[in-house]
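Below are the chains, spelled out letter by letter.
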Amino acid sequence: MPPRRHFLFLLSLGLVAGIACFSSGFDPYYLDLLIMVGVNIILAVSLNLISGHTGQFSLGHAGFMAIGAYLSTLVTVFWSDSLLASANEKLAGFAASPWGQNLLFLLALLTGGLCAAFAGLVVGGPSLRLRGDYLALVTLGFGEIVRVTFQNTETFGGALGMYGLPDHTSFFWVYATVACTLFVIGNLTDSTWGRGFAATRDDEIAAASIGINPTRYKIIAFVVGAFFAGVAGALFAHFKMTIVPTGFDFTRSIEIVVMVILGGMGNTRGVILAAILLTLLPEFLRPIAQYRMVLYALLLIVLMILRPQGLFNFRFSRKKSA
Amino acid sequence: MDTTPPADPRSSAPLLELRRATVRFGGLTAVNAVDLQLFPGGLYGLIGPNGAGKSTLFNLITGLYQPTEGEVLFSGHSLRGQRPHQIARLGIARTFQNIRLFSGLSVFDNVRVACNLHRATAPWHTLLRLRAFQSDEAAITAQVDSLLTLFGLQSFRDHPATSLPYGDQRRLEIVRCLATRPQLLLLDEPAAGMNPAEKLDLIRLIREVRQRFALTILLVEHSMRVVMDVCEHIAVLDHGTKIAEGSPAQIKRNLAVAEAYLGTAAPAIPPEEKSAC
Amino acid sequence: MEQILQQLLNGISLGAIYALIALGYTMVYGVLRFINFAHADVFMVGAFLAFFLGQNLPANSIASTILVLLAAMTGCALLGTLIERLAYRPLRSAPTLNVLITAIGVSLLLEYSGQLFLGANPRTFPPVYPSAQLTLGGVILSGNQLLVIGVTAALVLLLQLVIYQTKIGAAMRAVSLNPDAARLVGINVNAVIAFTFALGSALAGAGGVLYAINYPSIDPLMGLMPGLKAFVCAILGGIGNIPGAALGGLILGLVETFVGGSEASTWKDAVAFGLLILILLFRPAGLLGKPLPEKV
Numbered sequence: 001m002p003p004r005r006h007f008l009f010l011l012s013l014g015l016v017a018g019i020a021c022f023s024s025g026f027d028p029y030y031l032d033l034l035i036m037v038g039v040n041i042i043l044a045v046s047l048n049l050i051s052g053h054t055g056q057f058s059l060g061h062a063g064f065m066a067i068g069a070y071l072s073t074l075v076t077v078f079w080s081d082s083l084l085a086s087a088n089e090k091l092a093g094f095a096a097s098p099w100g101q102n103l104l105f106l107l108a109l110l111t112g113g114l115c116a117a118f119a120g121l122v123v124g125g126p127s128l129r130l131r132g133d134y135l136a137l138v139t140l141g142f143g144e145i146v147r148v149t150f151q152n153t154e155t156f157g158g159a160l161g162m163y164g165l166p167d168h169t170s171f172f173w174v175y176a177t178v179a180c181t182l183f184v185i186g187n188l189t190d191s192t193w194g195r196g197f198a199a200t201r202d203d204e205i206a207a208a209s210i211g212i213n214p215t216r217y218k219i220i221a222f223v224v225g226a227f228f229a230g231v232a233g234a235l236f237a238h239f240k241m242t243i244v245p246t247g248f249d250f251t252r253s254i255e256i257v258v259m260v261i262l263g264g265m266g267n268t269r270g271v272i273l274a275a276i277l278l279t280l281l282p283e284f285l286r287p288i289a290q291y292r293m294v295l296y297a298l299l300l301i302v303l304m305i306l307r308p309q310g311l312f313n314f315r316f317s318r319k320k321s322a
Numbered sequence: 001m002d003t004t005p006p007a008d009p010r011s012s013a014p015l016l017e018l019r020r021a022t023v024r025f026g027g028l029t030a031v032n033a034v035d036l037q038l039f040p041g042g043l044y045g046l047i048g049p050n051g052a053g054k055s056t057l058f059n060l061i062t063g064l065y066q067p068t069e070g071e072v073l074f075s076g077h078s079l080r081g082q083r084p085h086q087i088a089r090l091g092i093a094r095t096f097q098n099i100r101l102f103s104g105l106s107v108f109d110n111v112r113v114a115c116n117l118h119r120a121t122a123p124w125h126t127l128l129r130l131r132a133f134q135s136d137e138a139a140i141t142a143q144v145d146s147l148l149t150l151f152g153l154q155s156f157r158d159h160p161a162t163s164l165p166y167g168d169q170r171r172l173e174i175v176r177c178l179a180t181r182p183q184l185l186l187l188d189e190p191a192a193g194m195n196p197a198e199k200l201d202l203i204r205l206i207r208e209v210r211q212r213f214a215l216t217i218l219l220v221e222h223s224m225r226v227v228m229d230v231c232e233h234i235a236v237l238d239h240g241t242k243i244a245e246g247s248p249a250q251i252k253r254n255l256a257v258a259e260a261y262l263g264t265a266a267p268a269i270p271p272e273e274k275s276a277c
Numbered sequence: 001m002e003q004i005l006q007q008l009l010n011g012i013s014l015g016a017i018y019a020l021i022a023l024g025y026t027m028v029y030g031v032l033r034f035i036n037f038a039h040a041d042v043f044m045v046g047a048f049l050a051f052f053l054g055q056n057l058p059a060n061s062i063a064s065t066i067l068v069l070l071a072a073m074t075g076c077a078l079l080g081t082l083i084e085r086l087a088y089r090p091l092r093s094a095p096t097l098n099v100l101i102t103a104i105g106v107s108l109l110l111e112y113s114g115q116l117f118l119g120a121n122p123r124t125f126p127p128v129y130p131s132a133q134l135t136l137g138g139v140i141l142s143g144n145q146l147l148v149i150g151v152t153a154a155l156v157l158l159l160q161l162v163i164y165q166t167k168i169g170a171a172m173r174a175v176s177l178n179p180d181a182a183r184l185v186g187i188n189v190n191a192v193i194a195f196t197f198a199l200g201s202a203l204a205g206a207g208g209v210l211y212a213i214n215y216p217s218i219d220p221l222m223g224l225m226p227g228l229k230a231f232v233c234a235i236l237g238g239i240g241n242i243p244g245a246a247l248g249g250l251i252l253g254l255v256e257t258f259v260g261g262s263e264a265s266t267w268k269d270a271v272a273f274g275l276l277i278l279i280l281l282f283r284p285a286g287l288l289g290k291p292l293p294e295k296v
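Chains as they are written, first to last, in this note's numbering: chain A, 1 to 322; chain B, 1 to 277; chain C, 1 to 296.
Bound-form chain A, shown alone (with noise of 0.2 Å):
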């Protein structure tokens, strides 16, 4: 019993590889759109922490996605002469090697991670002592100065973003970001100390009376999923291969947060399953693309009055019938 979460890890982990073996193999088109599956998840789970399983609704997750999207080119455009230069002094032909390539990598999905971490911490610290409802504003105004910051910033391009990144994000690095998101978020979850986040959820007073503190926890789902806002966002920019900064406007945000909901707030399950619907969806649907965002919208409406629980949620009606 003990070890079976490292073994579907580990597992996991394996299967991903050896898939990616193949994956020069599959059609283009559908490996992006698998590719683009896979960063989907990563940022549906990770608002799933904050707002699902935390209860505080963040409207900007693409603020996080933006952070580690531009703050990873540091590593991988930047300083990635210098970089690859100085590990070459250490050991001779390492740049070359794909292991140089592949630990730069890491090392860019590491750097946009943390920033959007830190960022996460900046914006969290004084808003999540405030009402659910005043954190979506500050957090909707949150991404919009983020964005604004990134078109003023002449160093990532200003207004017309980034061009010509380096390749680097493949099938492999996707979907092994997705298992370790998977299994952090899991674990923190599913402990008795990740059920401090339901508490902090359901009823922050009586949380405080049994020695939880709501606030350390809000932050640290914060943190947590911003953090892997930030690696999809790294994840994502070296897959489109550009930044462009209005990718990462209000809209995106929404996109994830209806995810979120659609899935069902606070089940995984349900949100990874809506992370995937919604991404192969408007795919399917070119014909009726300028209705997506309306079509979101009565979504969020209709399902609120209708469904609150999510589409995908079957927890309660399994757990009365047991």
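What you were told as hints is all true, and nothing was included just to trick you.
So, partial list: chain C residues that the calculated Cβ filter (under 10 Å) puts toward chain A:
1) N98
2) I101
3) A103
Source of the hints: derived by calculation from the structure; they are not laboratory data. Ideal Cβ positions, reconstructed from N, Cα and C, are used throughout, including at glycine.
Could you slot chains B and C onto chain A? The hints should help.
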């Protein structure tokens, strides 16, 4: 009543002590210079008409409010500036008048989450599921299961907490408190909404809990029957001021108490079951 | 000195528009305890209603301005009550988070169906209002500013009258204090809430028209920024507090105008969020709000 543990105040230091504790909201004085001492192992009752400041006093002790004046001391240390979760960590647990269970969690998880206080491992272990985490988690599971069994809630283990019958929800809230291994347990109207049979069960339960867990208990209650039956020492609040204190028998004879409840200096018959809920 | 007076004037007229929108946020918060995200889009709809009507009216006339203003206010009042009836009323007993998400849904619905049917490109607002200028010792008082300040002052006074001198106003105050008790004394709570939405939305509609007259370029997403800022004003003054919303509007309008006129002008839009963070950190109940402990 000579068997009561806190009979001689000088035999031990008070566990909880209020020294002229005062809470004001603007012009309203909800708790007015109240002195109170709870000694280890005692079973105390706090009564008073609606709006007497009983719940405010609870909120004061648990850190939801800060004293405007005066002091609250727990084991001799002032609680000033301590936030509610810190006070819980010091060993004070409470239930709520309008039951506050975690609605999104199962019965089991409602108790399990309270075991966080005594978790042996750091969040780091949880994040990576290290071996120490596994054994910690197993110990907590065993502890929760034994608590649930003890209080007859094991059959509801995996049900959503808020789907339980009312009386069981109250019991679950007490179990959740016990999981934090408190020294002092505050019960806010535990008998509210209960029928006479349930009240009898509750009285038995409170006594047993005190015995088994070596607790000091303070309860706020409207049901005179429960208070007179179970408490060894009773304090009476009216308009935020402590107007009487003593054994149940003394309180029954006290004129001021009768006046607070009935409005006149009528014969001091305690208003039995003044409010049913 | 003249420059400062001029900035002061500009700031007040900008703040007046913020105040109009902020009042709607604050009133709805007062009765329902939630932030009506769709409020900023009602503001947008007001501007568009005025746009379509204003095209067919004689330009540069005070009569058409009044007509346009009244039409937009009526239209928005209807829209506000419709939104409340269809989207919020079914959720009266649901958790706040669900209502909040629904409000965001309504907001997105208005924005993107606006883009779909009206096009995403900005349109130029017709010059319904005569552009005149008044120069007072070097300070230029434009007709627009006169209109904005005059209309806002009149509406705020009217609102104050409604809330404190009428029966429905007393009912609104009762509902905001305690909806259950209000119901027990025979107040039709749903009707009061609908009326509150109508009132708040009408103010937002007026704000939309005034905004469009001052910044004559409108598009379906135009409500986003003024809406956010007006919300900051509502919090600044103390959410749920009507004079507070007006005060918050004035403060933000002034601060923004002075920052915009200084060297730090590129940070103009960040001012609102800076203020928001400051107020939330140091006085979360707002300038005029009273901090209330949560009832346990």
